[in-house]
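> Chain residues, written in single-letter form:
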Amino acid sequence: MLDVNVKVFRQREGQAGHFQDFKVSVPDDANVIDVIDAVWRQDSSFMFRHACHHASCGTCAVRVNGYEKLPCIYSVKDAMAGRAEMTIEPLRNFPIVGDMVVDVSGFFQKQIASDMLITRPAEKTLGGEAYERSEVFSTEGKLEDRAYNRFENCVECGICISACPTMAATDKFFGPAGLAAINRAYQETSDPAEREHLLNLADDENGVWRCHSGWECTEACPQNVDPAGAIMSLRRRLIGRRLKGIFKLN
Amino acid sequence: MAKPHVIVIGAGSTGSATAHDLALRGLRVTLLERGEIANMTTGRNHCLLHSGGRYCVRDQESAIECIDENMILRRIMPHALELNDGLFVAVDDSDLAFKQKFIDGCEACHIPWRDVPVAEALRMEPNLNPKTLAAVQVPDGVFEPFRFSLAFVATAKKNGATIRPFVEVKELTRAGNAITGVKILDYRTGKTETIGADLVVSAVGPWAHEIARMAGVDVPVLPTAGVMVTVNRRLNNMVINRLNKPSDGDIVVPQRTTSVIGTTSWTITDPDQIDIPKEHIEMMLEKGRELIPDVAKCFTRGVGAAARPLIRKANADERDVARTFECFDHKFDGVEGFVTISGGKTTTARAMAEKVADIVCRKLDVQAQCRTKETRLESYRRYYE
Numbered sequence: 001m002l003d004v005n006v007k008v009f010r011q012r013e014g015q016a017g018h019f020q021d022f023k024v025s026v027p028d029d030a031n032v033i034d035v036i037d038a039v040w041r042q043d044s045s046f047m048f049r050h051a052c053h054h055a056s057c058g059t060c061a062v063r064v065n066g067y068e069k070l071p072c073i074y075s076v077k078d079a080m081a082g083r084a085e086m087t088i089e090p091l092r093n094f095p096i097v098g099d100m101v102v103d104v105s106g107f108f109q110k111q112i113a114s115d116m117l118i119t120r121p122a123e124k125t126l127g128g129e130a131y132e133r134s135e136v137f138s139t140e141g142k143l144e145d146r147a148y149n150r151f152e153n154c155v156e157c158g159i160c161i162s163a164c165p166t167m168a169a170t171d172k173f174f175g176p177a178g179l180a181a182i183n184r185a186y187q188e189t190s191d192p193a194e195r196e197h198l199l200n201l202a203d204d205e206n207g208v209w210r211c212h213s214g215w216e217c218t219e220a221c222p223q224n225v226d227p228a229g230a231i232m233s234l235r236r237r238l239i240g241r242r243l244k245g246i247f248k249l250n
Numbered sequence: 001m002a003k004p005h006v007i008v009i010g011a012g013s014t015g016s017a018t019a020h021d022l023a024l025r026g027l028r029v030t031l032l033e034r035g036e037i038a039n040m041t042t043g044r045n046h047c048l049l050h051s052g053g054r055y056c057v058r059d060q061e062s063a064i065e066c067i068d069e070n071m072i073l074r075r076i077m078p079h080a081l082e083l084n085d086g087l088f089v090a091v092d093d094s095d096l097a098f099k100q101k102f103i104d105g106c107e108a109c110h111i112p113w114r115d116v117p118v119a120e121a122l123r124m125e126p127n128l129n130p131k132t133l134a135a136v137q138v139p140d141g142v143f144e145p146f147r148f149s150l151a152f153v154a155t156a157k158k159n160g161a162t163i164r165p166f167v168e169v170k171e172l173t174r175a176g177n178a179i180t181g182v183k184i185l186d187y188r189t190g191k192t193e194t195i196g197a198d199l200v201v202s203a204v205g206p207w208a209h210e211i212a213r214m215a216g217v218d219v220p221v222l223p224t225a226g227v228m229v230t231v232n233r234r235l236n237n238m239v240i241n242r243l244n245k246p247s248d249g250d251i252v253v254p255q256r257t258t259s260v261i262g263t264t265s266w267t268i269t270d271p272d273q274i275d276i277p278k279e280h281i282e283m284m285l286e287k288g289r290e291l292i293p294d295v296a297k298c299f300t301r302g303v304g305a306a307a308r309p310l311i312r313k314a315n316a317d318e319r320d321v322a323r324t325f326e327c328f329d330h331k332f333d334g335v336e337g338f339v340t341i342s343g344g345k346t347t348t349a350r351a352m353a354e355k356v357a358d359i360v361c362r363k364l365d366v367q368a369q370c371r372t373k374e375t376r377l378e379s380y381r382r383y384y385e
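Just so you know, the protein sequences line up as chains B and P, in that order. The working numbering numbers the first residue of the first sequence as 1 and each following residue consecutively. The working numbering numbers the first residue of the second sequence as 1 and each following residue consecutively.
Accuracy of the hints is not assured; some may be wrong.
[As the list claims (entries may be wrong)] Away from chain P, derived, C-beta distances all over 12 Å, residues of chain B: (1) Gln15; (2) Asn31; (3) Asp34; (4) Arg41; (5) His53; (6) Asp103; (7) Gly141; (8) Val155; (9) Thr170; (10) Gly240.
[Stated by the list, open to error] Okay, the calculated beta carbon distance ranges per label pair: (11) B:Asp203 <-> P:Lys245: 26 to 34 Å; (12) B:Ala113 <-> P:Gln369: 15 to 23 Å; (13) P:Asp275 <-> B:Asp21: 19 to 27 Å; (14) P:Lys3 <-> B:Ala113: 48 to 56 Å; (15) P:Asp270 <-> B:Pro192: 57 to 65 Å.
No wet-lab data here; the hints were simulated from the structure. By construction, the Cβ of each residue, glycine as well, lies at the ideal position given by its N, Cα and C atoms.
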């Protein structure tokens, strides 16, 4: 077992935040979510979000020792390397509901704008080979020839929002996840009107042009979504569209 | 007369679906949850949309519920599901001997199935054990449990339900032999308050006993824990099941870019205090390797466990108003205005909700038909609107 000294941020509605020290004991191969759970076992008023414990739900994101992490996949050994204690705080750039819990509603409203589907076509194995197409059962339970799908990489954890310096300056910024979602939705559709609509969403003073190109989002993302890459891709598409417009004028 | 008010305790899949069903029938609904939506039992489940294949030999009633609900969920939440089917795979002689029983079970439970030649199965799933002896395809699917529950909650909210996460029920209030509401502690403010209701539904899974105790009654729910081990690569496209009777480590469910191996089972006393035995984690990896050898080349990304509600069947009597769904009307214990639903599986959450909502409406003398089979759910994101 590992004995861990942990400094946890506490805050109740209408009160000032402060840190509280806990000592917990977790298995040697535990992840930081187990430390958070151990704190809750000592004090059931401790508020935190979690569900799957395998980086799929995206709810448990916090800052560990100042860095945005999904504690469910961040090992205690790594988090404690060279340190005497661990600090756990809520994400930045979100209103705090209490303790580790932040209000993600503004974030999800931006996600709704692109209407990115949770599923995407599963065209490749992770080994990079194409899946052999086969018959798959339909909604009516009949075999049909259709593409496999799989869940999107983005787990909507909000880590990129917390890591983004532009978000710290203005919450009107669409944000890395929202823009990455617009880019995904653009890739998924071949409908010119829908593509035009998505590019218009991105082409806003609070859209891709607000990004300071610091790449903190891509650095912090636990799912390799590469939001900054998506923003750059949208910028290239928008510049291409403008150039086309100029040539048409002349 | 004002619309009756129903409090649903617990926002796992069952409570979320129950809030949705009752709101759709026009009742005033308040859904209470101690933490975030789906933060416990539902949140840490397999992510498996059951075809019923797992139960089709030994528990055909459950298998039929699963396939029926599977087909309904495909219609009402199509964008929240990965629908790549599942393979039941034989890797030894004992598995192979089970094959005909499995196919007969599928037939008996109207589960669509296809006998996939081994060479084709290996082409479809290149990481499958090359020693595979047989493979049968069934319409398994994959969901993401948090968003599965949110889709129900989002729709309930659109239909007027009040959703209150991070509040814990501390007491059930009563007048004579009737439950009249709940006393809650709101963790956001640290304050307590009392909420009145015409009826209280307990949908807290393995905690059912603890809420029932507040009403002075007992429910035969035994919390049992199960571990899920997630490896860092997505090794399969379809759900890969062991073609045999249910056992530890009999399934590898793909989830996003990872694979989730499950599960084990051990009895616990307190569902809030689960310590995962290290040997269970090792066993999952070992059993997972038998289905997909490349599990050995992966590292473990996440480990989770949660308590499941197991219903003790021994004392089945008139209290057990519907055994299949484990729904208890506590008027049979001398307490009015209080119903418990427990047991079951996330795949059958909608059906469980239908059953408990039927009982609630009958008790409150509300004439309203269930409409959840036909009502397409809102996007999970709309919970946050």
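> State for each hint whether it applies.
Status of each hint after checking the structure:
For B:Gln15, the non-interface assignment is contradicted: its Cβ lies about 9 Å from the closest Cβ of chain P, within the 12 Å cut-off. Under the 12 Å C-beta cut-off, the non-interface status given to B:Asn31 relative to chain P is violated; the minimum distance is some 7 Å. For B:Asp34, the non-interface assignment is contradicted: its Cβ lies about 9 Å from the closest Cβ of chain P, within the 12 Å cut-off. Not every Cβ of chain P is farther than 12 Å from the Cβ of B:Arg41; the closest lies at roughly 6 Å, contradicting the non-interface assignment.
A Cβ of chain P approaches the Cβ of B:His53 within 12 Å, the least distance being about 3 Å, so the stated non-interface status is violated. A beta-carbon of chain P comes within 12 Å of the beta-carbon of B:Asp103; the shortest separation is about 9 Å. In this structure B:Gly141 is not separated from chain P by more than 12 Å, as the shortest Cβ-Cβ distance comes to only about 4 Å. Not every CB of chain P is more than 12 Å from the CB of B:Val155 (nearest about 7 Å), against its label as outside the interface.
Non-interface call for B:Thr170 relative to chain P: holds, since the shortest CB-CB distance, roughly 20 Å, exceeds 12 Å. Every beta carbon of chain P lies more than 12 Å from that of B:Gly240, the smallest distance being close to 30 Å; the non-interface claim holds. A hinted range of 26 to 34 Å for the beta carbons of B:Asp203 and P:Lys245 is inconsistent with their spacing of about 58 Å. The beta-carbon spacing between B:Ala113 and P:Gln369, approximately 36 Å, falls outside the hinted interval of 15 to 23 Å.
The hinted range of 19 to 27 Å is satisfied by P:Asp275 and B:Asp21, whose Cβ atoms lie roughly 23 Å apart. Between P:Lys3 and B:Ala113 the beta carbon distance is about 34 Å. The supplied range of 48 to 56 Å is therefore violated. Distance hint check for P:Asp270 and B:Pro192: the Cβ-Cβ separation is about 58 Å, which falls inside the suggested range of 57 to 65 Å.
In terms of the numbered hints stated before, the structure departs from hints 1, 2, 3, 4, 5, 6, 7, 8, 11, 12 and 14, listed from lowest to highest.
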